[in-house]
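Colleague: This is what each chain is made of:
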Amino acid sequence: MTAEAELAREEPRAADIAAPAALPWLRVFYWSVRRELWEHAAVYVAPLAVAAIALIGFGIGAFSLPDIVLAAATPGKERGLLFAPYEFVAFVGLVTSLLVAVFYSLGALQNERRDRSILFWKSLPVSDLTTVLSKATIPLVVQPLVTLAVVVVATAVMWALSMLIVLANGLDARVLLSEDLIPFVWRTLAEGLPGIALWYAPLYGWLMLVSAWARRVAFLWAIAPPLLVAFVEALAFHTSFVWRWLLLRMFGPFAFQGMRGGQPGHHWANGDPTDWASPHLWIGVMLAVAFFAGAAWLRRSREPT
Amino acid sequence: MACIEARGLRKAYGATVALAGVDLTVEQGRIVGLIGPNGAGKSTALQAILGLIPHEGALTVLGRNAWAERDRLMAEVAFIADVAVLPRWLKVSQALDYMAGVHPRFDRAAAERFLDRTTIKRASRVRELSKGMVAQLHLALVMAVDARLLVLDEPTLGLDLVYRKQFYDSLLNDYFEHDRTIVISTHQVEEIQHILTDVVFLDRGRIVLDCSMEAFEARYLEVMVGPDQLAAARALGPIHERRVFGRGLLIFDGVPREQLAALGEVRTPSLADLFVAMMGPAPSAEAAA
Numbered sequence: 355m356t357a358e359a360e361l362a363r364e365e366p367r368a369a370d371i372a373a374p375a376a377l378p379w380l381r382v383f384y385w386s387v388r389r390e391l392w393e394h395a396a397v398y399v400a401p402l403a404v405a406a407i408a409l410i411g412f413g414i415g416a417f418s419l420p421d422i423v424l425a426a427a428t429p430g431k432e433r434g435l436l437f438a439p440y441e442f443v444a445f446v447g448l449v450t451s452l453l454v455a456v457f458y459s460l461g462a463l464q465n466e467r468r469d470r471s472i473l474f475w476k477s478l479p480v481s482d483l484t485t486v487l488s489k490a491t492i493p494l495v496v497q498p499l500v501t502l503a504v505v506v507v508a509t510a511v512m513w514a515l516s517m518l519i520v521l522a523n524g525l526d527a528r529v530l531l532s533e534d535l536i537p538f539v540w541r542t543l544a545e546g547l548p549g550i551a552l553w554y555a556p557l558y559g560w561l562m563l564v565s566a567w568a569r570r571v572a573f574l575w576a577i578a579p580p581l582l583v584a585f586v587e588a589l590a591f592h593t594s595f596v597w598r599w600l601l602l603r604m605f606g607p608f609a610f611q612g613m614r615g616g617q618p619g620h621h622w623a624n625g626d627p628t629d630w631a632s633p634h635l636w637i638g639v640m641l642a643v644a645f646f647a648g649a650a651w652l653r654r655s656r657e658p659t
Numbered sequence: 063m064a065c066i067e068a069r070g071l072r073k074a075y076g077a078t079v080a081l082a083g084v085d086l087t088v089e090q091g092r093i094v095g096l097i098g099p100n101g102a103g104k105s106t107a108l109q110a111i112l113g114l115i116p117h118e119g120a121l122t123v124l125g126r127n128a129w130a131e132r133d134r135l136m137a138e139v140a141f142i143a144d145v146a147v148l149p150r151w152l153k154v155s156q157a158l159d160y161m162a163g164v165h166p167r168f169d170r171a172a173a174e175r176f177l178d179r180t181t182i183k184r185a186s187r188v189r190e191l192s193k194g195m196v197a198q199l200h201l202a203l204v205m206a207v208d209a210r211l212l213v214l215d216e217p218t219l220g221l222d223l224v225y226r227k228q229f230y231d232s233l234l235n236d237y238f239e240h241d242r243t244i245v246i247s248t249h250q251v252e253e254i255q256h257i258l259t260d261v262v263f264l265d266r267g268r269i270v271l272d273c274s275m276e277a278f279e280a281r282y283l284e285v286m287v288g289p290d291q292l293a294a295a296r297a298l299g300p301i302h303e304r305r306v307f308g309r310g311l312l313i314f315d316g317v318p319r320e321q322l323a324a325l326g327e328v329r330t331p332s333l334a335d336l337f338v339a340m341m342g343p344a345p346s347a348e349a350a351a
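As given, the protein sequences belong to chains Y and A, one line each in that order.
Per my numbering, residue 355 is the first one in the first sequence, and the count goes up by one each step.
Per my numbering, residue 63 is the first one in the second sequence, and the count goes up by one each step.
Just chain Y, same shape as in the assembly (with noise of 0.2 Å):
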């Protein structure tokens, strides 16, 4: 070999060399997140899917629209089956949202164990605290997002299409701009979205931990230990603080009663999801930490096979 071909071939490795040790984590990251994504598209599809059965529904019912805005439009009549889909389309949204926040975190840390694909996961340079970094990051910022954009496009299209059947029948258009209506619907979800997320955030902690531990039945590891600490509570102590501490973690948001309007004063013990000084809320982000952790732990020390 010449001394010309010897330093053409040496080239390359003087470029390994400058090669950087690691990409920025957040590139990393950002890319973890796509890939939960891509294995997981019921996190959008879902969410779209139910939005647009609901829009189907309001399409067929829009026969009615008319007479519905005659007697919204009428002073002291009632306004409730005016504004009643938006906050139908809204509460579908979210719940069908949880729900598939729920089901995610329930798999996130098992399906990549019972199908072995997490020895490629493990075979590239990215943490497990990336990784579980990056999966809980789906049901506490993407979803929130996801309904967030998808109940805003279809109340504006539900609002668009109530505008052109009011104005086509000739009608005044006037109730359809009240800020009880649009703005309304979106402001309240905006508001309640990132505090219903962190409320939630225990649940889909401890779902990931059970995730990642549970070699089969993750469901089952998932919803047994709580119930099974009321049950003997019930059984020794005859009171019910667990059974209701759960309850109020299940359920919590979905008890405040102040979706329209609402008195002031609202705690999270009824859940009002926009009272951040709540204590319940920061107890259970600590849980949640401490979850996520444990997740990532067991991620990191379980031996993949």
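No lab work stands behind these hints, which were simulated from the structure alone.
Glycine included, each C-beta is placed from N, C-alpha and C at the ideal position.
Some hints here could point you the wrong way.
Stated by the list, open to error - Example chain A residues on the side facing chain Y (calculated, C-beta under 10 Å, incomplete):
id: 1; residue: Gln-109
id: 2; residue: Arg-167
id: 3; residue: Leu-298
id: 4; residue: Ile-301
id: 5; residue: Glu-303
id: 6; residue: Val-306
Got chain Y sorted already, so can you dock chain A onto it with the hints?
Modeller: Chain A only, in chain Y's frame:
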């Protein structure tokens, strides 16, 4: 600095000892075959090297503690477990995007070139590909990583002969283009014998043979002898004997070639035959063919 340095590597699962104190040194640039029967501890050893399992004893891979620094180590190590580990939902294009997104030493263009030589479509999902195509895809991803150490655990399991041949050809071409160390474990010993520089036999968690291929060729000889020479050959202390078409096929350890040449045709035994000789039942227990 050695690429892999293990001292007293031990791993037990409950009462089952998978690795019973392994000392192993793999220098840079070698191609090491890790060969052993089922349950010998091959996969356990490879998983320890990859930082996937905790263990007892000292283990340094590329100067790092594999268990403590897995994610950083993986920037310089590429790994194929077996063909089944690519997730079935993954699209080929997504695999490329993701690798380029998270791996500092992934050369996307190289992976694309490799895929262009196959019939794999970018829009296909892994579940739509045949077994051989999945192996090709995985190989394309792994080969495009400029890894200093490549670990292959049964990489051709379940593939047909054509794919296995292609796989090792690609592997070897790539090896000569880069400066890397390769550790392979496989059952198909014959297929990798010609590409190895070193061979390690593992049995019940212990290393029973660890030598370079040159040393292997110098040390082990196989002689085919007729029935009349059989007694003389046996007197030299073969480590293994079997019958082929009425003639004896004997393997010797460290007996001079000239001495054996007088008895019959001398050649280097295949790794597979030596493997059977060392791992199989004792010669006396073996039935004549």
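Colleague: Evaluate each hint against the coordinates.
Modeller: Taking the hints in turn, this is what the structure says about them:
1. Gln-109: This hint holds: Gln-109/A lies near chain Y, its Cβ roughly 8 Å from the closest one there, short of 10 Å.
2. Arg-167: Hint on Arg-167/A: holds, closest Cβ of chain Y at ~5 Å, below 10 Å.
3. Leu-298: violated, 44 Å
4. Ile-301: violated, 34 Å
5. Glu-303: violated, 38 Å
6. Val-306: Violated, because the Cβ-Cβ distance from Val-306/A to chain Y comes to roughly 40 Å (cut-off 10 Å).
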